[in-house]
Amino acid sequence: MKQETEQRTLDLGLPDSEHYSVEHDPDDLWGDSQMIINIGPTHPVMHGALRMVAKLSGETIESSYCEFGYTHRAKEKLGENRTYHQFIVYTDRLNYCSALINNVTYAMAVERLMGLEVPERTVWLRMMCAEIARITDHLICIGINAVDLGALSYFLYGFHQREEAYTLIEKLCGARLTTSYTRIGGMMNDAPEGWEKEVKAWVGRTRKVIDEMDRLLTANRIWHRRTVGVGVFTKEDCLKYSYSGPNARAAGIDIDLRRDQPCMFYKDVQFEVPIGKNGDVYDRYAVRLEEIRQSLRILEQCADKIKPGPIWVEDKRVRIPEKHAVYNTMEGLIHHFKFFMTGFDVPAGEAYTTFEAANGELGFYIVSKEAPRAHRLRIRGPSMFHYQGLDTMVQGEKIADLVAALGSINIIAGELDR
Amino acid sequence: MDMIDVEIMLAKVLLIVLMVLQAAPIMAWVERRGAALIQNRLGPNRVGPLGLFQSIADAIKAMFKEDLVPAHVSRFYYLLAPIACLIPAFMTFAVIPMAAPITIEGRSIHFQVADLNVGILYVFAVASLGVFGIIMAGWSSNNKFSLLGSLRSCSQMISYELSLGLSVVALIMVYASVHLGEIVQGQAETLLQLGPIAIPKLGIFVQPLGFLLFLTAVHAETNRLPFDLPEGETEIVAGYHTEYGPMGFSLFMMAEYGNMLTASGLLATLYFGGWQMLPGFAYVHGALGLSGNAHILAGVGLQFLSLLLKVIFFMLLFVWTRWTLPRFRYDQVMDLGWKVMFPLSLVNIFITGALIYLGWI
Chain A
1 MKQETEQRTL DLGLPDSEHY SVEHDPDDLW GDSQMIINIG PTHPVMHGAL RMVAKLSGET
61 IESSYCEFGY THRAKEKLGE NRTYHQFIVY TDRLNYCSAL INNVTYAMAV ERLMGLEVPE
121 RTVWLRMMCA EIARITDHLI CIGINAVDLG ALSYFLYGFH QREEAYTLIE KLCGARLTTS
181 YTRIGGMMND APEGWEKEVK AWVGRTRKVI DEMDRLLTAN RIWHRRTVGV GVFTKEDCLK
241 YSYSGPNARA AGIDIDLRRD QPCMFYKDVQ FEVPIGKNGD VYDRYAVRLE EIRQSLRILE
301 QCADKIKPGP IWVEDKRVRI PEKHAVYNTM EGLIHHFKFF MTGFDVPAGE AYTTFEAANG
361 ELGFYIVSKE APRAHRLRIR GPSMFHYQGL DTMVQGEKIA DLVAALGSIN IIAGELDR
Chain B
1 MDMIDVEIML AKVLLIVLMV LQAAPIMAWV ERRGAALIQN RLGPNRVGPL GLFQSIADAI
61 KAMFKEDLVP AHVSRFYYLL APIACLIPAF MTFAVIPMAA PITIEGRSIH FQVADLNVGI
121 LYVFAVASLG VFGIIMAGWS SNNKFSLLGS LRSCSQMISY ELSLGLSVVA LIMVYASVHL
181 GEIVQGQAET LLQLGPIAIP KLGIFVQPLG FLLFLTAVHA ETNRLPFDLP EGETEIVAGY
241 HTEYGPMGFS LFMMAEYGNM LTASGLLATL YFGGWQMLPG FAYVHGALGL SGNAHILAGV
301 GLQFLSLLLK VIFFMLLFVW TRWTLPRFRY DQVMDLGWKV MFPLSLVNIF ITGALIYLGW
361 I
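Protein sequences appear in the order of chains A and B. Residue numbering for the first sequence follows the working numbering, starting at 1 and increasing by one per position. Residue numbering for the second sequence follows the working numbering, starting at 1 and increasing by one per position.
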């Protein structure tokens, strides 16, 4: 019996222990005795629960690998188990810094499958929402990037404007962070009287603050030394890693889905797409700062062009029944019950809808098989692609540069892990 | 030395210790309120008038929180480190003269704890001891982030101590003394007479470059932004005090503010005339119409007040800088220290020497 086993071992052709060696794994950092440092998932610089393991030589990162998935909540699977309306609240938790953009994009995706055309006022409202969300997102990104490099005051200047923006959002939907403002074929409710004027006033104030922030930091020499030529991600790298949004634009790739695939009324407003050159931390910062200005410009135009009108499509399938009908008529009550208990059927088909989110291309791929729930829902979050490039970006740079690079590509764990 | 001498000495020691001890809570409040002012927010304003008692509340909290010593640390050095950091911070202030020496009833009184004839050298000798505490903390914590923090601190202190010392060398050449009292006395002389206004021979006027170098170097020495790399929280968590609980952390903070106080005191003493009265104070002194001992003591009070105001100005400057500038990267700090500040301080010495040789200073 014993002999048989030995025979079998020989048959398998395993080398004897003396010559046996595992092929060297380039991703394995733990092989030798250099200092390995574990940054995250609970480290003050990590934006959300991310982890980076880096092999150091002094303070230089020789090699590293990134891990994510600590915030995975199976959003896409949830999308297959929730009705189309129920899923709206989950979109808030993707990129929670710009929840409204996610709401808008998701609503657009489902409406596209159903072939719905939302009224004009809704489109303008959605555009304004998207731009406010873009500004809050960029304010956080450049602010946190500055905090990571030690400039706390800069961050708080922007944060004050962000809080005011949240107050504007609160007036729309009652929530500040997790908005869930859109509905399929409409909005939760109309903007309150005079909201556009408040937005315009806020735009004026924010513009001043942005200029002030610009004066405080952009020309600072320490800031230049910390950001110029740091965390460079070239055009080729960006294409290789499928970068989009401000990060790609910072490297000189001229894409902006708002301009290239005009949805909503983006072709009716004037705005420019800022393009960087070197793809370093400074360019990403500068592109974002300029984008805030452009978004403010768009907001002002929207506030001028928006007109009173209906906010719901005239489609019985998706329109949430009016409350007075629900409480006063039998048919209304049944309609309401059916609407919320079973949802509405979406015609069979599939659609991939993208929108320029604050961080880059946000896409919802929905496969429907004529049911109130999606057969398959896939979300393309830009952070996912940006995070993959971080290793390459910080190779051979200092720990302090990792901090700058990570802050500048604006990784939002909710969107990364989904 | 009789009893009265001992009593005077004890009073002086007590004053210094209390001043440095008070620096931490008061500065913590100033820093937080100052940051709030700069950042367009309120800051702590709940405990006591204007939130002044916030520091006391914090101190009570720090004392009553459980002071956990992690299991993996080297216990002896871990506990010793904050103390080793704090003591030099207390000691350096001892040689800074608070007022001109006076003679009352045949007894001459010096308003500094130790009237050393090597005053400035003593300051450098003791101030550089502070880094031992930081190294001890980083090493004994047995934590990679702590170690990186203390490594940074160590090399930063050594690099900047050099330009710090060299920028003062030029100053010593001008006043031809290492005795702090004499340096202050020397600053009372007139440098230029512009009509009725006599510009005194203050350190800043005869050593403008030296002053800038000194100011930059003390920012690095006290680990303040833009040189706060040893505790750069976004990179290496909290640097050398990552593993410390409430009291350890508080002691490090006290040491930091103590060092800041000393640095401000030195800046005031070396470059702004120390206890030399601020413009207008001499008039107030005369207008009080006192005589005898009361006159002398009033002078001491005004001189002390002048020094205090100068120190407060520099403390506020530290706060202001901290909340305005971003942080340097480690290698950039080293570059600045060795490639810019060190050559500049040598040039400064050379220029000063040339000017003295030509008889212009």
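Some hints here could point you the wrong way.
Short derived list, chain A residues pointing at chain B, Cβ under 7 Å [stated by the list, open to error]:
| # | residue |
| --- | --- |
| 1 | Ser-153 |
| 2 | Glu-236 |
| 3 | Ala-400 |
Heads up, simulated BS3-like pairs for lysine-lysine below, C-alpha to C-alpha not over 27 Å straight-line [unchecked claim]:
| # | chain 1 | residue 1 | chain 2 | residue 2 |
| --- | --- | --- | --- | --- |
| 4 | B | Lys-201 | A | Lys-55 |
| 5 | A | Lys-200 | A | Lys-171 |
| 6 | A | Lys-200 | A | Lys-277 |
| 7 | A | Lys-323 | A | Lys-307 |
| 8 | A | Lys-171 | A | Lys-208 |
| 9 | A | Lys-197 | A | Lys-307 |
| 10 | A | Lys-398 | B | Lys-201 |
| 11 | B | Lys-339 | A | Lys-398 |
| 12 | A | Lys-267 | A | Lys-305 |
One side of the interface only, derived from the structure: several residues of chain A facing chain B at Cβ under 8 Å [stated by the list, open to error]:
| # | residue |
| --- | --- |
| 13 | Pro-44 |
| 14 | Glu-59 |
| 15 | Tyr-157 |
| 16 | Gly-174 |
| 17 | Leu-177 |
| 18 | Ser-180 |
| 19 | Asn-220 |
| 20 | Trp-223 |
| 21 | Ile-253 |
| 22 | Val-403 |
For the record, the hints were derived by calculation from the structure and aren't laboratory data. Glycine included, C-beta positions come from ideal geometry on N, C-alpha and C.
Do the hints match the structure? See the list:
no.: 1; hint: Ser-153; in the structure: holds (5 Å)
no.: 2; hint: Glu-236; in the structure: violated (26 Å)
no.: 3; hint: Ala-400; in the structure: holds (5 Å)
no.: 4; hint: B:Lys-201 - A:Lys-55; in the structure: violated (55 Å)
no.: 5; hint: A:Lys-200 - A:Lys-171; in the structure: holds (15 Å)
no.: 6; hint: A:Lys-200 - A:Lys-277; in the structure: violated (32 Å)
no.: 7; hint: A:Lys-323 - A:Lys-307; in the structure: holds (25 Å)
no.: 8; hint: A:Lys-171 - A:Lys-208; in the structure: holds (23 Å)
no.: 9; hint: A:Lys-197 - A:Lys-307; in the structure: holds (12 Å)
no.: 10; hint: A:Lys-398 - B:Lys-201; in the structure: violated (45 Å)
no.: 11; hint: B:Lys-339 - A:Lys-398; in the structure: holds (20 Å)
no.: 12; hint: A:Lys-267 - A:Lys-305; in the structure: holds (13 Å)
no.: 13; hint: Pro-44; in the structure: holds (6 Å)
no.: 14; hint: Glu-59; in the structure: holds (6 Å)
no.: 15; hint: Tyr-157; in the structure: holds (7 Å)
no.: 16; hint: Gly-174; in the structure: violated (25 Å)
no.: 17; hint: Leu-177; in the structure: violated (20 Å)
no.: 18; hint: Ser-180; in the structure: violated (30 Å)
no.: 19; hint: Asn-220; in the structure: holds (7 Å)
no.: 20; hint: Trp-223; in the structure: holds (5 Å)
no.: 21; hint: Ile-253; in the structure: violated (28 Å)
no.: 22; hint: Val-403; in the structure: holds (5 Å)
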